[in-house]
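A.B. asks: For reference, the chains in residue letters:
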Amino acid sequence: MKIKSLLIANRGEIAIRIIRTARKMGIRSYVIKTIKEPNAWYLEEADEIIDFSESFDDNLPEFLDIDRIISSAKEHKVEAIHPGYGFLAENPDFARRCEEERIIFIGPSHDAIYRMGHKTIAKELARKHNVPLLGGSPGSVANAEEARKIAHKIGYPIILKAAAGGGGRGMRVVEKEKDIERMFTLATNEAEKAFNNPDVFLERFVREPRHIEFQILGDQHGNLVHLGERECSIQRKHQKLLEESPSPALDKKLRKKMGDAAIDIAKSVDYYSAGTVEFLLDEDNSFSFMEMNTRIQVEHPVTEMVTGIDLIEQMILIAEGKKLAFTQEDIKLNGWAIEWRINAEDVQSGFSPSLGTIEKISWPENEHIRVDTGVRDGSVITPYYDSMIAKLIVHAETREKALQQSSMAIRKFWIKGTKTTLAFCRAVLQNSNFRKGKFNTSFISKELKLTYHAEPDEAMLAAFFATYDYARGVQQFEEKPLQLEKSKVIAPWVLKKRLR
Amino acid sequence: MAREAKNKQTIKLIALSTTNKAYEFKKPLEKIIKYQGKPVDIRLHEDPNGFSYIVWKNKKYMLDVIEKNQNRYTIMINSVWHSFTVETPISLKRRRFLEEQGDSSSSVVIEAPMPGKIIDILVEEGSEIKEGEPIIILEAMKMQNEITSHVTGVVKSVEVKKNDLVMKDDVLIEIQKT
Chain D
1 MKIKSLLIAN RGEIAIRIIR TARKMGIRSY VIKTIKEPNA WYLEEADEII
51 DFSESFDDNL PEFLDIDRII SSAKEHKVEA IHPGYGFLAE NPDFARRCEE
101 ERIIFIGPSH DAIYRMGHKT IAKELARKHN VPLLGGSPGS VANAEEARKI
151 AHKIGYPIIL KAAAGGGGRG MRVVEKEKDI ERMFTLATNE AEKAFNNPDV
201 FLERFVREPR HIEFQILGDQ HGNLVHLGER ECSIQRKHQK LLEESPSPAL
251 DKKLRKKMGD AAIDIAKSVD YYSAGTVEFL LDEDNSFSFM EMNTRIQVEH
301 PVTEMVTGID LIEQMILIAE GKKLAFTQED IKLNGWAIEW RINAEDVQSG
351 FSPSLGTIEK ISWPENEHIR VDTGVRDGSV ITPYYDSMIA KLIVHAETRE
401 KALQQSSMAI RKFWIKGTKT TLAFCRAVLQ NSNFRKGKFN TSFISKELKL
451 TYHAEPDEAM LAAFFATYDY ARGVQQFEEK PLQLEKSKVI APWVLKKRLR
Chain V
1001 MAREAKNKQT IKLIALSTTN KAYEFKKPLE KIIKYQGKPV DIRLHEDPNG
1051 FSYIVWKNKK YMLDVIEKNQ NRYTIMINSV WHSFTVETPI SLKRRRFLEE
1101 QGDSSSSVVI EAPMPGKIID ILVEEGSEIK EGEPIIILEA MKMQNEITSH
1151 VTGVVKSVEV KKNDLVMKDD VLIEIQKT
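Chains D and V supply the protein sequences, listed in that same order.
With the working numbering, letter number 205 in the first sequence gets 205, and the count goes up by one each step, no holes.
Each position in the second sequence, counted from 1, maps to that position plus 1000 in the working numbering.
No farther apart than 30 Å at their CA atoms in a straight line, the calculated lysine-lysine pairs in the DSSO-like style are these:
hint : chain 1 : residue 1 : chain 2 : residue 2
1    : V       : K1168     : D       : K237
2    : V       : K1161     : D       : K36
3    : D       : K446      : D       : K178
Don't read these hints as lab results, they were simulated from the structure.
In this text the structure is predicted, and so the values were computed from the model without any measurement.
All chains, full assembly: derive it from the sequences and hints.
C.D. replies: See below:
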């Protein structure tokens, strides 16, 4: 069947991203308005708004309210729901409810979400299909004492991970035995809080691996392909900061081997829709399965740029029951794409959130540059949601050219009103090992001396403006009677208007 | 200060960075500015979209004022911020003098590195702590963060309670260095 209307159970840039493809396909889009962001841009982009801002439950965020989302969809006779990422995207109960209520869930089956979402089940499936795994606990660990025993056996360092987890929450690396009790408590508390499930499991911790993930697409007729890998090793506290496709670490042979393993994992749960299989890649090119994300990912645009395939469109077509229109042989990786995440964070003080209003935002435009964003001039960065402002995606023939374009685009990406991770992007681009493609997940902690980069004269220019502004303030304070003379004095500073 | 500024011909201001680096500008409002005694050509512009930028040696530098409070400034240039206090030669002298006189304080405060909620306090008044040891669990952006002590000493006072909401830079704990 052809989907004619869809509700996006999400906000921000991904809501706008889905609206764009829906419009292209002639599908009417519905979004949810919340009291937390009543003037957000995504609301204007959609065809219809469902208003949740009149009444709301403080303890149940709007985008997690399954009953309300389902009943609104039915009330408006919406045929399908796209969950985006985060929120309900990987909630098997939500996918099942959609199915029961005869609403098309644009994503995988609730059974696939459940089995891949439960990390210990997912690991068991991988083991059955001979996909390599890290050593660790067979299932969840009951208490700190059990964790201590297993850790003792496999050796430190180990990592504790939330069984229901993802996105870096509920994860703790334990270096020494004396820390295990404290870390166990931290991990279970965080897991409970984030996923309503305190279960954690334990794995051998590979100290300096690369994080490589494969994009999977499957239809409801058993056809599965991979769309190549994404290099996601530049992370801080398990939060990705930039991604590229392809990875400098993979050649054709390794890509095929890992891609095949990724497809095996997907096959084990009869996967359909878009999904991502994550691996750790060691220096010796051995890899192990980490987890499968059963949703569209934040970093999906780099795959779209190198394959030319619109992943949201594919998700919708697959949900309609269509067969994939291409086979593995048809997939060609063309050029190099890098995504820079621009978050409202202060990288000069521990990446702390930098809330506020985006007074102005602008970026350069050319055929190499794509920007996915949910903000525009005047948008507010609220504490209720993640800190992402925009994703700058650069695509060129080679990695070197993509880096050149990135330097230019980052320099000309202007945001007024908040501190951003652009300062971090500058530091990464300066690093010679990054430029050479030689890096792994320890890059930020070991390789980057500073998490920001300023050119030598910039501090001087900032100092100049401070003295200039101060002097101007003093001058105004002094009530000089001769207005004319004053404007003459500052004549060189009469702001020059530049026409675009 | 006011008297000095009145005489535009001699005005000299110093932006003192947080790392104590002094940037001295003479006549910052005039056409010919002197930086560390030498004339420099720094130009300030605003584009029609409301962005301000500096042109220096034929390059553009995007400019934003993040914070301005009396003589304290945080200025962002190309997305990196720099903090200064603006001083006159006299106020700078006074400041340096006071710094030398001031107690080489043996107690330090641990501040919240980000806004968030206090989940747990791992020490109490009188606790002995070592550098690097965790003292507080702060939840921010759905992550639990361990706040560690950067000094070794004895906890002098605990300024927060469990479940308190704190802002960035709020004082959490005061430690007497040993």
